[in-house]
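Visitor: This is what each chain is made of:
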Amino acid sequence: SQKIEQNSEALNIQEGKTATLTCNYTNYSPAYLQWYRQDPGRGPVFLLLIRENEKEKRKERLKVTFDTTLKQSLFHITASQPADSATYLCALGDTGFQKLVFGTGTRLLVSP
Amino acid sequence: DTAVSQTPKYLVTQMGNDKSIKCEQNLGHDTMYWYKQDSKKFLKIMFSYNNKELIINETVPNRFSPKSPDKAHLNLHINSLELGDSAVYFCASSPNPGLAGYEQYFGPGTRLTVT
Numbered sequence: 009s010q011k012i013e014q015n016s017e018a019l020n021i022q023e024g025k026t027a028t029l030t031c032n033y034t035n036y037s038p039a040y041l042q043w044y045r046q047d048p049g050r051g052p053v054f055l056l057l058i059r060e061n062e063k064e065k066r067k068e069r070l071k072v073t074f075d076t077t078l079k080q081s082l083f084h085i086t087a088s089q090p091a092d093s094a095t096y097l098c099a100l101g102d103t104g105f106q107k108l109v110f111g112t113g114t115r116l117l118v119s120p
Numbered sequence: 005d006t007a008v009s010q011t012p013k014y015l016v017t018q019m020g021n022d023k024s025i026k027c028e029q030n031l032g033h034d035t036m037y038w039y040k041q042d043s044k045k046f047l048k049i050m051f052s053y054n055n056k057e058l059i060i061n062e063t064v065p066n067r068f069s070p071k072s073p074d075k076a077h078l079n080l081h082i083n084s085l086e087l088g089d090s091a092v093y094f095c096a097s098s099p100n101p102g103l104a105g106y107e108q109y110f111g112p113g114t115r116l117t118v119t
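Same order as they appear, the protein sequences are chains W and L. In terms of my numbering, the first sequence opens at residue 9 and continues consecutively. In terms of my numbering, the second sequence opens at residue 5 and continues consecutively.
Here chain L stands alone, though its shape is the one from the complex:
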């Protein structure tokens, strides 16, 4: 009965490869996010989708492409992986917040290592 799940948990790959990370939430939330946490533990938002529509797109290289097939899933595809992409990637979800602001529920993270 995991709320936000991600696969895989660990991903080791070589430079230049293309890889995907999958995220699913069973909370019925409308909004999903991808975050990147670097080696200094700084957590930064990358993308956000609300009901399958892209609503936040931070300054992220074009090699990163999110895809939301339905509002319970948000996948992250990364092309031509670079050493600097090594980090922990977190998926999160929250209810449609309106103006009130709601907590975000995070997945367990995917540790990506590019060699």
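Chain W with its partners taken away, still in its complex shape:
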């Protein structure tokens, strides 16, 4: 069955450093991958989308890579800030009607 794995342990980093979050998947060939941010008590918020034929996408301090051979996506936040502290979810989707399969999320804590 499809499996999406993200680090279940929280990632603690210092302000100003680069945070790198990992999303690995098995038994799946997604057409695209998305990253969302979720704050406590709120719904997920879309951050970035990367398609299967793209290697890298950037948006301001965010960068996503997508390696379909390794079946892995890396999500980077450069110059991290305490306001970046949240849970980050990766989600895989196929063509057609937007059925997203979410990973379990990684909690990021950025300390001043």
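Treat the hints as calculated values from the structure; they're not laboratory data. Remember, predicted model here, so these are calculated numbers, not experimental data. Beta carbons: idealized from backbone N, C-alpha and C, even for Gly. Watch out, some of these pointers could steer you wrong.
[As the list claims (entries may be wrong)] Covered stretches of chain L, going by a simulated chain W footprint (3 or more residues, C-beta under 8 Å):
| # | region |
| --- | --- |
| 1 | 41-55 |
| 2 | 84-90 |
[Said to hold, decoys possible] One side of the interface only, derived from the structure: several residues of chain L facing chain W at Cβ under 8 Å:
| # | residue |
| --- | --- |
| 3 | I60 |
| 4 | D74 |
| 5 | Q108 |
Please build the complex by placing chain L on the supplied structure of chain W, with the hints as guidance.
Guide: Structure of chain L alone, referenced to chain W:
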């Protein structure tokens, strides 16, 4: 000017009761979803409607019945509530994606507690 809204935000009820959660989006999107997020924060799709038509129906007990009166609204009715139904339920919407894939916009969630 909330994009995706849900009511109520909190719902506490007893086992065996029937309850409904309402969702509305003002983004003009064609597709709406219901997700369940359990206590371990795992987010799983339940249903999806495209222009009032059911297009995704995951393995969900028959006690759960979605209803879409128009493409801006998707309600979730739950019969005979059980303890295991306690979770946060999120509504979401997205444009008709075609083959490209689009982001989904989530509501604030409804925390359902069954006692």
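Visitor: Of the numbered hints stated earlier in the document, which are not met by this structure?
Guide: Of the numbered hints given earlier, those the structure breaks are 2, 4, listed in rising order.
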